[in-house]
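Asks: The sequence shown begins at 44 in this note's numbering and counts up one residue at a time.
No lab work stands behind these hints, which were simulated from the structure alone. Treat the hints with care, as some may be off.
For lysine-lysine, the following DSS-like pairs were computed, each having C-alpha atoms within a straight-line distance of at most 30 angstroms [to be verified]:
no., residue 1, residue 2
1, K172, K364
2, K147, K364
3, K364, K311
4, K311, K147
5, K172, K147
6, K311, K172
7, K49, K311
Predicted, not measured: the structure shown is a model, and the values here were computed from it.
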Amino acid sequence: MLLDGKVRVPLPVTAPTDTGIDFLTSYEEWLCAQRGFPLPGNQFEYPTCVVGQQVYDDVSRFPRSARDLGQIAGQDAIYSAYFRASMILNDFGLDALDDENPYKNSGTQSGFATFGFAHLLLMVGSVHKAERHAWFEKWFVHRYLQPEVFAGRVHNHVTGRANYPIDQSLLTSPVLDRIFEHNRTLNRRRGIGREPGTFLLPILFPHGSPIHPSFPSGHAQTAGTCVTLLKAWFNEDFPIPNPVQPNADGTALEPYNGVLTVGGELNKLAHNLSMGRDMSGVHWRADDIQGNRLGEEVALRILREARATYSEPFNGFTLIKFDGTPVIIV
């Protein structure tokens, strides 16, 4: 099965092009994002806010940078990446299936309604169960600040507009000077902001973060669920045939001279898509780590529920958790 891995990516903000942009780098734009970019004539009489536009590369590329990962993680359709992974892994044939699959070594039967490809897709689609848990944690438990909101507090604290209990290790860190200069360069390039330099967090997306609380990351929780289900379905030790990697500029693929396994690549997929949200500026690292773990636990419960419904002779699902713990669901 042929799947083109090239994607539309934003231009970088640094050399060699210096033409890309980040968002929410001026206080006015940041404030508009916090207010939901109100339209002209709104009842609250906020100033008119204009949503900026990302600058994209004319050439589609294989992902090769943190910025590319951020873009991919921001444009996926809930479990689209894992649906594609399912198709790729299924195309490797019977040898790539987990050894406990009751039809793997059958000379007369193959799985269909159970232990067939449709069964796998049904399980991956069960990710909606995981999202319920993430949104409950977001709204009814943690109500955690998004990174851009905390950055606004840092900016207002440093500029003397407000006083927040922010740890001195951040307030004295040289990273603030770097962010100030970065934002000043971008704001001048875009011609925005009354004060060119700010201590705000540069964001990859024009709209900034989603409006829901930060912890845990829904993307990470989806990743944890889907990848755990895929690890239960396929043989994690199966070597990826003819592995490739993007070249330096992402325009082509080149051979990878090493051994890649299904389990290793699935773990990489989960963490890349999860950390892509961090790299775009819309989540904390803790959001994706704990989101992966929550998603993994939901997947294990999905597998336990499913295990009790099979009539085939089946010894159970086996997989290795993100922390390295082997699991057998019998």
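Asks: Look at each hint and say if it fits the structure.
Replies: Hint by hint, here is what the structure shows:
The hinted pair formed by K172 and K364 meets the criterion: a straight-line CA distance of about 19 angstroms does not exceed 30 angstroms. The suggested pairing of K147 with K364 holds, with an alpha-carbon distance near 23 angstroms, which does not exceed 30 angstroms. The hinted pair formed by K364 and K311 meets the criterion: a straight-line CA distance of about 13 angstroms does not exceed 30 angstroms. Proposed proximity of K311 and K147 is supported: the alpha carbons are some 26 angstroms apart, at most 30 angstroms.
About 29 angstroms separates the Cα atoms of K172 and K147, which keeps this hinted pair within 30 angstroms; it holds. For a cut-off of 30 angstroms, the pair hint linking K311 to K172 stands: about 23 angstroms separates their Cα positions. A distance of roughly 18 angstroms separates the Cα atoms of K49 and K311; the hinted pair therefore holds under the 30 angstroms criterion.
The structure agrees with every numbered hint stated previously.
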